[in-house]
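Chemist: Please work from the sequences and hints to get the whole structure.
Protein chains: 2
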Amino acid sequence: MSGYLASVVMDFRLIQTCPDSKARTGELITRHGIVPTPVFLPVGSQATVKTLTPEELKGIGIPMVLANTYHLYLRPGVGVIERMGGLHKFMAWDRPILTDSGGYQIFSLAALRQVSDEGVLFRSHIDGSKHFITPELVIQLQETLGADIIMVLDECPAYDDSLEKVQTAMVRTHRWAERCQQAQRRRDQGLYAIVQGGIFPELRHQSAKHLTSLGFAGYAIGGLSLGEPKEVTLDVVKETVSLLPETKPRYLMGVGSPEDLLEGVARGIDMFDSALPTRVARNGALFTWQGRHNIRNAVYSQMGQPFAPGCDCYTCRTFSAAYLHHLFICDELLGYRLATIHNLNFIHSLMQKIRNAILDGTFSSFKDSFLASYRPTNEQARLDQKRKWFKSRNLSNK
Amino acid sequence: MSGYLASVVMDFRLIQTCPDSKARTGELITRHGIVPTPVFLPVGSQATVKTLTPEELKGIGIPMVLANTYHLYLRPGVGVIERMGGLHKFMAWDRPILTDSGGYQIFSLAALRQVSDEGVLFRSHIDGSKHFITPELVIQLQETLGADIIMVLDECPAYDDSLEKVQTAMVRTHRWAERCQQAQRRRDQGLYAIVQGGIFPELRHQSAKHLTSLGFAGYAIGGLSLGEPKEVTLDVVKETVSLLPETKPRYLMGVGSPEDLLEGVARGIDMFDSALPTRVARNGALFTWQGRHNIRNAVYSQMGQPFAPGCDCYTCRTFSAAYLHHLFICDELLGYRLATIHNLNFIHSLMQKIRNAILDGTFSSFKDSFLASYRPTNEQARLDQKRKWFKSRNLSNK
Numbered sequence: 001m002s003g004y005l006a007s008v009v010m011d012f013r014l015i016q017t018c019p020d021s022k023a024r025t026g027e028l029i030t031r032h033g034i035v036p037t038p039v040f041l042p043v044g045s046q047a048t049v050k051t052l053t054p055e056e057l058k059g060i061g062i063p064m065v066l067a068n069t070y071h072l073y074l075r076p077g078v079g080v081i082e083r084m085g086g087l088h089k090f091m092a093w094d095r096p097i098l099t100d101s102g103g104y105q106i107f108s109l110a111a112l113r114q115v116s117d118e119g120v121l122f123r124s125h126i127d128g129s130k131h132f133i134t135p136e137l138v139i140q141l142q143e144t145l146g147a148d149i150i151m152v153l154d155e156c157p158a159y160d161d162s163l164e165k166v167q168t169a170m171v172r173t174h175r176w177a178e179r180c181q182q183a184q185r186r187r188d189q190g191l192y193a194i195v196q197g198g199i200f201p202e203l204r205h206q207s208a209k210h211l212t213s214l215g216f217a218g219y220a221i222g223g224l225s226l227g228e229p230k231e232v233t234l235d236v237v238k239e240t241v242s243l244l245p246e247t248k249p250r251y252l253m254g255v256g257s258p259e260d261l262l263e264g265v266a267r268g269i270d271m272f273d274s275a276l277p278t279r280v281a282r283n284g285a286l287f288t289w290q291g292r293h294n295i296r297n298a299v300y301s302q303m304g305q306p307f308a309p310g311c312d313c314y315t316c317r318t319f320s321a322a323y324l325h326h327l328f329i330c331d332e333l334l335g336y337r338l339a340t341i342h343n344l345n346f347i348h349s350l351m352q353k354i355r356n357a358i359l360d361g362t363f364s365s366f367k368d369s370f371l372a373s374y375r376p377t378n379e380q381a382r383l384d385q386k387r388k389w390f391k392s393r394n395l396s397n398k
Numbered sequence: 001m002s003g004y005l006a007s008v009v010m011d012f013r014l015i016q017t018c019p020d021s022k023a024r025t026g027e028l029i030t031r032h033g034i035v036p037t038p039v040f041l042p043v044g045s046q047a048t049v050k051t052l053t054p055e056e057l058k059g060i061g062i063p064m065v066l067a068n069t070y071h072l073y074l075r076p077g078v079g080v081i082e083r084m085g086g087l088h089k090f091m092a093w094d095r096p097i098l099t100d101s102g103g104y105q106i107f108s109l110a111a112l113r114q115v116s117d118e119g120v121l122f123r124s125h126i127d128g129s130k131h132f133i134t135p136e137l138v139i140q141l142q143e144t145l146g147a148d149i150i151m152v153l154d155e156c157p158a159y160d161d162s163l164e165k166v167q168t169a170m171v172r173t174h175r176w177a178e179r180c181q182q183a184q185r186r187r188d189q190g191l192y193a194i195v196q197g198g199i200f201p202e203l204r205h206q207s208a209k210h211l212t213s214l215g216f217a218g219y220a221i222g223g224l225s226l227g228e229p230k231e232v233t234l235d236v237v238k239e240t241v242s243l244l245p246e247t248k249p250r251y252l253m254g255v256g257s258p259e260d261l262l263e264g265v266a267r268g269i270d271m272f273d274s275a276l277p278t279r280v281a282r283n284g285a286l287f288t289w290q291g292r293h294n295i296r297n298a299v300y301s302q303m304g305q306p307f308a309p310g311c312d313c314y315t316c317r318t319f320s321a322a323y324l325h326h327l328f329i330c331d332e333l334l335g336y337r338l339a340t341i342h343n344l345n346f347i348h349s350l351m352q353k354i355r356n357a358i359l360d361g362t363f364s365s366f367k368d369s370f371l372a373s374y375r376p377t378n379e380q381a382r383l384d385q386k387r388k389w390f391k392s393r394n395l396s397n398k
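Protein chains in written order, with this note's numbering: chain A, 1 to 398; chain B, 1 to 398.
Please keep in mind that the hints were generated in silico from the structure rather than gathered at the bench. Owing to the predicted nature of the structure, the values given are computational and were not obtained by experimental measurement. Do not take every clue at face value.
Identical copies go unnamed one by one, so any copy, or any two together, can satisfy a pair.
[What the hints assert, rightly or not] In silico DMTMM-like cross-links for lysine to aspartate or glutamate, where the CA-CA straight-line distance does not exceed 25 Å:
| id | residue 1 | residue 2 |
| --- | --- | --- |
| 1 | Lys89 | Asp331 |
| 2 | Lys89 | Glu56 |
| 3 | Lys58 | Asp312 |
| 4 | Lys386 | Asp331 |
| 5 | Lys89 | Asp312 |
| 6 | Lys130 | Asp331 |
| 7 | Lys58 | Glu239 |
| 8 | Lys58 | Glu178 |
| 9 | Lys130 | Asp360 |
Modeler: In structure tokens, the structure reads:
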């Protein structure tokens, strides 16, 4: 890639690294503005971060969101969005957008998949209609949508697949990544590769090496947080990051719990996305600096104070915990909104504190003190819940 | 009531009457501000106008909302709201509120009703728990909630009940109204009576005469818009209004379609409430000056313009019809919000135009020209829909 092209495509500027961890701050430079990293991207699969308006997201300070090519390809169709002037205009969001390629969704949501080297044939999870997707088509769709960062098509094996199966998927993902690169026409979108290889260090090594040799605008780590133990996730992240170039952004897909964000940043990750903060909000689970608590709990029924006293989000500035509890008990839609605002504000504040701590050289102590007071959701409960969730394929938020 | 008390309680100031109809403009003067009439009150039964924040309601210009004693008595309980500092503070709404007594809900939602002169025994539609409500209790509950306007407990017969049945209910409603009046302790809330009598002119006559002789702050017309033909509704309204005092506000309960608002105003009504504009919004039915249209219709799937070009609501200022269509097709919660904003903005604009026309002396021509271009929902479809709706008791919005 020539120097000229490199300056036009999505760029990344490293600002500061942490002296005693791999944590770092930087900036993604895009056509729609600069995004400070490490950054968390709320998930807006269907061109809407569930329940919220663009103005509410901006009010929280969200700099960038994720949308999903698979979902938008099926509904309303990429052609419709093109005729509406592109994805930014369609969803009235003038800040940066990343579109996921849809690989993950095809392998988790769609039915009757037939993968070949050419591409993947699947049936829509909505109406059963048949579709054939190739790496070239995925790039064309994402160029039409017009996001600032776009992703290669990848094949996602299950977290407990055999080495052979994972290796086959990885090799195919590498070939597809190359085809995506060759198919790219627009130079104002950053194309990110996705490192695969499951929980096998030797495969992750091969994958990172192969993809970095091709030269992408950024590197995502895919195929994690799919039900494997957290220790394994973090080890794979550490191994993989060590093989990625310093000068390019690293994106850990599907991670969004507060403790995982901190651990990811400590291992050198710059970007995250996850439906978790917004999905659990709609179930009534709200973040505090001490852990996640469910607003449906009777303890909140008479609480005149805000859910999280001192929290500066709209919800906590305006309403009592008792009111929020009442809305959830009555299944009132306003409750889902207010909880979503609170959770996204919490995660956004956390990322801000993380960035400030890295700049101040105090990231490690910030991380220690956060983890000392924050009680994560019980690991076994988390895994059970996650596996159940994947099994039910109730992935409507992803 | 002494002159002193009269000046402290809810007051009404008549400003102008229409030369060729009964239409009039005025002002309700309350502790929480002045409300220009004719006014439409959005329904927030459970202390929330479904999907919207107080700020959004204010952004539209909504001056006053309705909440429901029956719903709030069951959840979260009136005691909780008292401890939270009253209903205004609980729902973070500092403009006027009217609480309905719950009479209508007890007779439409609750199960196993046993009505006696003393009061009404019913089972909660939520958990089947047994409750005994009296006129005195209803006043006490509403004094605790602290709305600006409160309503007497009434017995609501079905629209097709016999004259004898309707008469019995009416006589009881009269006795209950007197007991409500005697039970009232707070003098800063306006207590409104509810004229009953079904579709029988002679009963309406008796009811209006009896209740006005008792002297209330305002008079509601209840027991209408329950499935009877629209012609009948309008005749009863006309008859009843002619028997009510000029100096007091008149409130037609449960009416909220654009054409009915105009007809009600023309017959001298000052206040309306209905869940219709918000309920149909969540079904995708949006108002235009030509009639109601459903955003799910395929005609909107490719429309780059707003749903109602020229409309000044947030939804139409920000998004294309195609985007709103997409949200509804995907059952995205943001769609329900955006449609609710549009419909409430439409009704609010309509009421503003009505008030201006009365002030300008052009109400009759405004009404004619509105009705010439606005195509109401087909009368038979409307009745069928309404009866089906009442039958299913799916009154979650009321």
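Chemist: Check each numbered hint from earlier against the structure, then list the numbers of those it violates in ascending order.
Modeler: Violated: hints 7, 8 and 9.
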